[in-house]
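Could you build all of it, start to finish, from the sequences and the hints given here?
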Amino acid sequence: MRPVTLLPRKAAGWLAALTAWLLPAGLALAIAIGEPVAFETEAQQRQYQTLIRELRCTVCQSETIHESNAALAADMRRRVYEMTRDGQQAGAIVDFMVQRYGDYVRYRPPLQANTAVLWASPFLLLLIGAGVWWQIIRGRKRMTQRPSFTDQERLALDRLRRGE
Amino acid sequence: MRIRLLLPLVAVVALVGLLFLGLGLNSRELPSPLIGKPAPSFELESLEDGNRTLTEQDFIGEVALVNVWASWCTTCRAEKPLLMELARGDIPIYAFNYRDDRETALRYLSVSGNPYQTIAYDPTGDVGMDWGVYATPETYLLDTQGVIRYKRIGQLTRQILLDEVLPLAERLKAEQKR
Chain U
1 MRPVTLLPRK
11 AAGWLAALTA
21 WLLPAGLALA
31 IAIGEPVAFE
41 TEAQQRQYQT
51 LIRELRCTVC
61 QSETIHESNA
71 ALAADMRRRV
81 YEMTRDGQQA
91 GAIVDFMVQR
101 YGDYVRYRPP
111 LQANTAVLWA
121 SPFLLLLIGA
131 GVWWQIIRGR
141 KRMTQRPSFT
151 DQERLALDRL
161 RRGE
Chain Y
1 MRIRLLLPLV
11 AVVALVGLLF
21 LGLGLNSREL
31 PSPLIGKPAP
41 SFELESLEDG
51 NRTLTEQDFI
61 GEVALVNVWA
71 SWCTTCRAEK
81 PLLMELARGD
91 IPIYAFNYRD
101 DRETALRYLS
111 VSGNPYQTIA
121 YDPTGDVGMD
131 WGVYATPETY
141 LLDTQGVIRY
151 KRIGQLTRQI
161 LLDEVLPLAE
171 RLKAEQKR
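Which chain is which? The protein sequence lines are U and Y, in order. Note that full-length UniProt numbering has the first sequence beginning at 1, numbered continuously upward. Note that full-length UniProt numbering has the second sequence beginning at 1, numbered continuously upward.
Keep in mind that the hints were calculated from the coordinates and are not lab data. Just so it is clear, CB atoms sit at the ideal spot from N, CA and C, and this is done for glycine as well. Do not rely on the hints blindly, as some may be mistaken.
Stated by the list, open to error - Partial chain Y-side listing against chain U, Cβ under 8 angstroms, derived:
id : residue
1  : P31
2  : P33
3  : Y134
Written out as structure tokens, the structure is:
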């Protein structure tokens, strides 16, 4: 039985030829615009994927270089790719970027003198919250512990109830 | 009891004050880590002459400006007349032509004038990255030893030149004479 083909033989041939041409062209384009296509090891792939999500695009400041379409972000991705491929450690690559663009390039700021407040603020807020919570709890406790009425007040209440 | 009632008010005022201060900050002006460091080394073709190789040594010697520009950069266009004026002074202006096309860049210069003494051609932006370039135009001020003493990200204005760049250049020149 003849194998079932969805396309006439000639068209299939054309398609194969087209794919054969387009695929390498697409890959070449991907490399040309600075998008890496492959790494030798899984670890390098992982390092690259982590790093591009931790470096900030300094042009479009609320985006990582992974998200950004800016030309600079593409350059930075390409550099991260090249350095990773050449076997550089993640720390060395981040240092490379920090030396050029400053600490701001890191989405995960290092703990140092000028970032101390930034790092401490969540804990400070937590402390303040704990303080407020403690105050509220204490207030409630005081309310429940309060003796309900003095004898005098009780007498007055009774009188009121009786409508005197 | 009074004080406890005032506490939220104080907190809100403090927060508003903090936010107000934040409004005044320009988040685009990042402090450059390169200030006080020697000009990063490079090896690039000259824009005008592809056979001529330029290095950072071509920019070093006098108190000089290094301007990073491109023909596609509209802010650079706006900055150009000021640079043309400045080029008549005694501070040499060197340049990086950043992520540009040589022919387009040369045509642009021939039409609107060329204030630069030497232009290094950096089509890939690789050297730009070493110099921490991220938003053209950028302008560096080098001292006689080739140390970066000042960096302006974005357009140079007459006010900035008069208030910051030129006084600093004069100071650096005086330092050199001593």
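Now for the hints, and whether the structure bears them out:
1. With a least beta-carbon distance of about 6 angstroms to chain U, the hint placing Y/P31 at the interface is held under the 8 angstroms criterion.
2. For Y/P33, the suggested interface contact is upheld, since its CB lies about 5 angstroms from the closest CB of chain U, less than 8 angstroms.
3. Hint status for Y/Y134 relative to chain U: holds, with the closest Cβ pair at about 4 angstroms, below 8 angstroms.
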